[in-house]
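Based on these hints, arrange chain B with the ligands on the given structure of chain A.
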Amino acid sequence: MAHFSVFSLVRNALNYHKDWPRQWRSPEPKSHYDVIIVGGGAHGLATAYYLATECGITNVAVLERAWIGGGNSGRNTTIVRSNYLWDESAALYDHSVKLWEGLSQELNYNVMFSQRGLLHLAHSVHDMQEIGRRGSAIHLNGIDSEFVTPEKVKEMVPFINLNCRYPVMGALLQRRGGTALHDAVVWGYARGADAAGVDIIQNCEVTGFKIEDNTVVGVETSRGDIMANKVGVVAAGHSSVMAEMAGFRMPLESFPLQALVSEPLKPLVDNVIMSNGVHAYISQSDKGELVIGASSDAYTSYSQRGGFNVIEDTLQAICELYPVFKRVKMMRQWAGIVDVTVDRSPIITKTPVNNLYFNCGWGTGGFKATPGSGNVFAHSIARGEMHPVAEPFSMFRFHSGALIDEGAAAAVAH
Amino acid sequence: MFVIECPWCGKRDQSEFITHGEAHIARPTNGHEMTDAEWGDYVFFRDNPKGITRERWIHTHGCARWFNVMRHTVTEEIFATYKPTDPKPELPEGSE
Ligand SMILES: Cc1cc2nc3c(=O)[nH]c(=O)nc-3n(C[C@H](O)[C@H](O)[C@H](O)COP(=O)(O)OP(=O)(O)OC[C@H]3O[C@@H](n4cnc5c(N)ncnc54)[C@H](O)[C@@H]3O)c2cc1C
Ligand SMILES: [Zn+2]
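If you read the protein sequences in the order shown, they are chains A and B. Using my numbering, the letters of the first sequence map in sequence onto residues 1 to 414. Using my numbering, the letters of the second sequence map in sequence onto residues 1 to 96.
Same shape as in the complex, but just chain A (with noise of 0.2 Å):
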């Protein structure tokens, strides 16, 4: 693995930046790994990562029907925060973005981790209350988050429109919270998870599992049968078909969600600006576009096209809120397939298949979790028990009943 620093970089430019080696190698599957990882999203590479750095098995395989990165890993807007409602959340978020902190460093590759902090406007005395509850259980929980007044919020933002459609009342604002480049958190766990001597098999499609037993002996692929000891599922949206192929069900809906940017304009959104009664949030990238979601459809679909009436909706409230932006002309609009759970929970699981794992059910909003998720995940699979913070996500709270409703603090927002 190539070195990224200052010096390599002075070095590869005199050389006209041609002799950079390529970051991951392209391998052909073995016919047996101690384990396999099915989707090549950052999750499953996360994940591969860790079980080799951390948990010491690299005899691992990433297989990815297309190319890594493609679903998605490659088509979110990027927010990453830690501010939810319930413990086990807090827990699990928080170890994200404190594996965030550090991530630059640890993969020697530029995530471009950028905590800008992140408001989340309260519109109405239900956000007023919504947001007070929240806030103060993150701050019991120890997580950084502060009331700002409509006055602070004009500050931080000066061309909202306070007294809109969307009056603004108030807003929590977390200063860890931002954004980071979702293609380099790709590659960066990519590289890294190579380099210690992962497989990544991309154009290899899982179309079934070789099961005896009640256990998990490998998988079919588009590129023939794989064996392995141990398969971990991280297939976001196809999650409920990955199930079906195992012979069980999961509690998950796929909606498509769609996202869309703007031309890029000169630096004007310091901060991720969101809220959970109007379905807009926008920040912009470095590179100047204004980067708008919205909810997702309203019906199930695996299209990766969502509706146009759910663009319309979005860029009235945007309009509304930020009148500066009404001739902004947008460029480009496109949409993902998020597994969504009733409890906007994700699910990180043993599953009725002995030795088959799922890490799914991240919906809307998993792309900040990417660290957290990828190193708890590994830590289960290598042990055979559940990592204590991804036990209660498990699939079977939906039998029990302990269910982590962050229905209020996750259901529109990501």
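Derived from the structure by calculation, the hints contain no laboratory data. Even for Gly, the Cβ is constructed at its ideal location relative to N, Cα and C. Incorrect hints may have been included.
To be verified - Straight-line Cα separation of at most 25 Å, DSS-like style, residue types lysine-lysine; simulated pairs: (1) A:K329 / A:K287; (2) B:K50 / A:K350; (3) A:K266 / A:K329; (4) A:K210 / B:K50; (5) A:K350 / A:K152; (6) B:K11 / B:K83.
As the list claims (entries may be wrong) - Pulled from the structure, derived: some chain A residues nowhere near chain B, Cβ distances all over 10 Å: (7) F4; (8) N12; (9) P29; (10) E54; (11) G70; (12) N110; (13) F159; (14) E244; (15) R249; (16) G277; (17) G307; (18) G401; (19) D405.
Frame of chain A; chain B with the ligands shown alone:
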């Protein structure tokens, strides 16, 4: 965005409708005998198919009546809309 044919009102824009997910899930009648796992399956677990789905919609901003839609979740093609009391329509030719 769809044009949906309400079995009572005819073709209308999707914005008049709301969906409430998978159809034909009958509430169990032997609740007192069921385990927590069986209840959990009934309440929370779904087929979520990649392919043909049958789902419930309500014509909220119209006649306010419920009906079922048979739709493909990849192409979004709607093959049939039918009243809750109608028999399940046949799957379209050539589909699994
Ligand atoms: C528009 C949008 C905006 C979002 N905004 C945010 C945000 O601001 N903040 C945030 O925290 N989260 C956000 N999210 C959610 C976030 O993107 C996801 O939760 C996260 O990226 C999930 O990562 P993953 O690695 O699990 O999934 P993915 O990146 O989707 O990876 C799953 C992979 O599995 C592969 N796969 C599927 N089936 C098979 C098979 N049979 N064989 C082999 N491979 C298979 C897929 O090709 C895919 O690459 C957003 C999502 C979308 C769509
Ligand atoms: Zn009608």
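Discussion item. So, against the hints stated earlier in the document, which numbers end up violated here?
Written reply: 5, 14, 15, 17, 18
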